[in-house]
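Engineer: Same order as they appear, the protein sequences are chains A and B. Heads up: the first sequence runs through residues 1 to 130, numbered per my numbering. Heads up: the second sequence runs through residues 1 to 190, numbered per my numbering.
Read the hints as simulated data drawn from the structure, not as lab findings. Only a predicted model underlies this, so the values are computations on that prediction, with no experimental measurement involved. Check each hint, because a few of them may be wrong.
[Claimed, not checked] Below are the DSSO-like pairs computed for lysine-lysine, each with C-alpha atoms no more than 30 Å apart in a straight line:
id, chain 1, residue 1, chain 2, residue 2
1, A, K13, B, K89
2, B, K175, A, K24
3, B, K155, A, K10
[Claimed, not checked] In silico negatives: residues of chain B with every beta carbon more than 12 Å from chain A:
id, residue
4, H85
5, K140
6, S157
7, K173
Here a beta-carbon is modelled for each residue, glycine too, at the ideal position from N, C-alpha and C.
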Amino acid sequence: MEDQLIKILKSLKSIVPDQEFISKSRNLILSAPQHTRGWFIFHGGVLQSIKMGAALTLASGLLFIVLGGISFFNVRNLSPVMLSSINSSNIEAEADSVDFHIQLGQAKYDVDSEKEIGAKIDELLNNLSL
Amino acid sequence: MLEGEHKLIEQAKDGQQESFGKLYDHYITPIYRFVMVKVNHRDDAEDLTHEVFLSAWQNLKNYKFQGFPFSSWLYQIARNKVIDHYRTKKMHSSIDDVDENIFEIVGALEKGLDTSIALETVKEAIASLSPDQQDVLVMKFVEDLNNGEIATALKKSDGAVRLLQHRAINNLKAKLISSENNESKKELTS
């Protein structure tokens, strides 16, 4: 079977282009200008640099517009954590209450430590009197 | 490989149209055939072949001789043109779209061959192969390129080309055996 396959594949050699097409295409190609070395340098180097520069410029411009837009419209109105539904007086009250808890905790610590110190002093005095 | 090819290329690089004309005359038929087998339409094959040689002529200064014939470079361009052709037109090769001209020519030849395999079946089997496998089959068995030349054209190693060739033949065989079995079943049921 392989031989038959190869025979059929070889029979594809009979495919040939039309002579009219060949002469027309040949004339058109040979009358076309060749790209010069300058074209390759421009296409390969300068053009790529221009593309890269343009991309960076556009990206910078976009960033400037986004940042400028945010500051222009006021971030307070856009930011989800700074929504107007959150009352600033509530936040202040919460902050005060936190401070209050800290003060209570400090007082409790002072009282407890005072008792301990007192007990230690009594113990030392007892030892000295002995 | 065309005699004095390297010299012709150098002259063509300097803009000598006559030298490129000789290269064109030598390679137009195999490149056209390669494209024709891939796209299966005469008009498309002519347009793409023209584009291949136009691109080769315009970009000839980019070509560097690497010990392989000029054809390897042309096949590379042709492959890219065919890929672009399918990509831009979003066409998919279907056996129904195949230009009958190609098979009329080959069909005439088939009569002279001692073969029991129907050409219609073979063309279906070839169309179902991967593009790389089709390329290898055409380059190897139709254009008689050696593995080194095929490897350069396909930008693959020699080993990969041998593997592709082996798989292509095996896939063709498998598809042909399968279609023969189907035909036999149809005949039995009818």
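Engineer: Any hints this thing doesn't respect? Which numbers, in order?
Structural biologist: 2, 5, 7
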